[in-house]
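Asks: Sequence:
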Amino acid sequence: LGPSLTLRELTDSCVFLFKIYVHLKEGGGPDGLDALKNKPQLHSMVARSLCRNAAGKNYIIFTGPSITSLTLFEELEKQDIYCCGLLSSRKSDCTGLPLSMLTSPATPPARGQHRIKMKGNMSLICWYNKGHFRFLTNAYSPVQQGVIIKRKSGEIPCPLAVEAFAAHLSYICKYDDKYSKYFISHKPNKTWQQVFWFAISIAINNAYILYKMSDAYHVTRYSRAQFGERLVRELLGLEEASPAQ
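Per this note's numbering, the sequence shown starts with residue 89, numbered consecutively.
Warning: the hint list may mix true and false statements.
Said to hold, decoys possible - Restricting the straight-line Cα-Cα distance to at most 25 Å, the calculated cross-link-like pairs of lysine-lysine (PhoX-like) are:
1) Lys238 - Lys218
2) Lys166 - Lys207
3) Lys218 - Lys240
4) Lys238 - Lys207
5) Lys205 - Lys218
6) Lys205 - Lys179
7) Lys145 - Lys240
8) Lys166 - Lys145
9) Lys240 - Lys269
10) Lys240 - Lys266
11) Lys266 - Lys300
12) Lys166 - Lys218
What the hints assert, rightly or not - Computed beta-carbon distance windows for the label pairs:
13) Gln167 - Asp303: 35 to 41 Å
14) Asn277 - Thr159: 36 to 42 Å
15) Thr195 - Trp280: 37 to 43 Å
16) Lys207 - Tyr270: 40 to 46 Å
17) Gly208 - Ala295: 40 to 46 Å
18) Thr159 - Ala254: 21 to 27 Å
19) Leu324 - Ser176: 44 to 50 Å
Calculated from the structure, these hints are not laboratory results. Cβ coordinates follow ideal geometry from the N, Cα and C atoms, glycine included.
Take the sequences, apply the hints, and build the full model.
Replies: This is the structure in structure tokens:
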């Protein structure tokens, strides 16, 4: 089976850290894929590892449903790491969360309406926008208001946590839209080779993002494709590197 990957991404779309897990065996044994791939403790272990150097820095992290859990968020809060995560009754570890907030009412509310349950610094938000979206957070006050701007329907009111999550989701989508197509498409049979080419692709994409943030980008505005071609030519010694570029 191929490797399983979890990323920690920065707001400028750079991939800061990633964890890869391999050698999950098919079957139902204790180390089998069936036993591991959906276990909350595996996802929590990955999240703890990715956040290891963030302790004490008052960072806010945004998590997908497979990582979002009350237990993990409370544990990270003790390290001054605060969280805002999308919650799913199917994918998330919902231990300790009120069942009333995890079930949808028979009659859907108006768009932008929301319900809140609080315990200490932790808030569970159920927000409606053509479907129920649930968020768990200790990083934002549930009474602070935000807004989601849609091109067709205009502004939709929401708690600030929802607005913040949507804003940070945008740089993940930006990476997928702009840079995933430049991943090296070579598909070797060996897992270590897959990991190697993936890491090379991440490094080149990160280099291009940093290049766009530098003064050199204003001198020669290379596209991602041109940047990759120039990099290959320099590595092969076909072109001399320029300090300004």
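Asks: The structure should be examined with respect to each hint, and the outcome stated for every one.
Replies: Results for each hint:
For the hint pairing lysine 238 with lysine 218, the CA-to-CA distance comes to about 13 Å; that is within 25 Å, so the pair holds. Among the hinted pairs, lysine 166 with lysine 207 is consistent with the structure: their alpha-carbon atoms are about 16 Å apart, no more than 25 Å. Annotation: proposed proximity of lysine 218 to lysine 240 holds, straight-line Cα distance about 14 Å (limit 25 Å). This hinted pair does not check out: lysine 238 and lysine 207 have alpha carbons roughly 32 Å apart, beyond 25 Å.
Between lysine 205 and lysine 218 the CA atoms are separated by roughly 21 Å; this keeps the pair inside 25 Å, and the hint holds. Our distance criterion of 25 Å between C-alpha atoms is met by lysine 205 and lysine 179, whose separation comes to about 20 Å. Simply put, lysine 145 and lysine 240 have alpha-carbon atoms about 39 Å apart, too far for the 25 Å limit, and the pair is violated. The hinted pair formed by lysine 166 and lysine 145 meets the criterion: a straight-line CA distance of about 12 Å does not exceed 25 Å.
The hinted pair formed by lysine 240 and lysine 269 fails the criterion: a straight-line CA distance of about 29 Å is larger than 25 Å. The straight-line distance between the Cα atoms of lysine 240 and lysine 266 is roughly 24 Å, inside the 25 Å bound, and the hint therefore holds. For a cut-off of 25 Å, the pair hint linking lysine 266 to lysine 300 stands: about 13 Å separates their Cα positions. Of the supplied pair hints, the one linking lysine 166 and lysine 218 is violated, its CA atoms being roughly 36 Å apart against a limit of 25 Å.
Distance hint for glutamine 167 and aspartate 303: a CB-CB separation of about 37 Å, consistent with the stated range 35 to 41 Å. For the pair asparagine 277 and threonine 159, the beta carbons lie near 39 Å from each other, so the given range of 36 to 42 Å is met. Restraint check, threonine 195 to tryptophan 280: a C-beta distance of roughly 54 Å breaks the suggested window 37 to 43 Å. The given range of 40 to 46 Å is respected by lysine 207 and tyrosine 270, whose C-beta atoms sit roughly 45 Å from each other.
Between glycine 208 and alanine 295 the CB atoms are about 43 Å apart, so this pair conforms to the stated range of 40 to 46 Å. At about 25 Å, the CB distance of threonine 159 to alanine 254 agrees with the hint of 21 to 27 Å. For leucine 324 and serine 176, the hinted distance range of 44 to 50 Å is satisfied, since their beta carbons lie about 47 Å from each other.
Consistency note: the structure conflicts with the earlier hints numbered 4, 7, 9, 12, 15.
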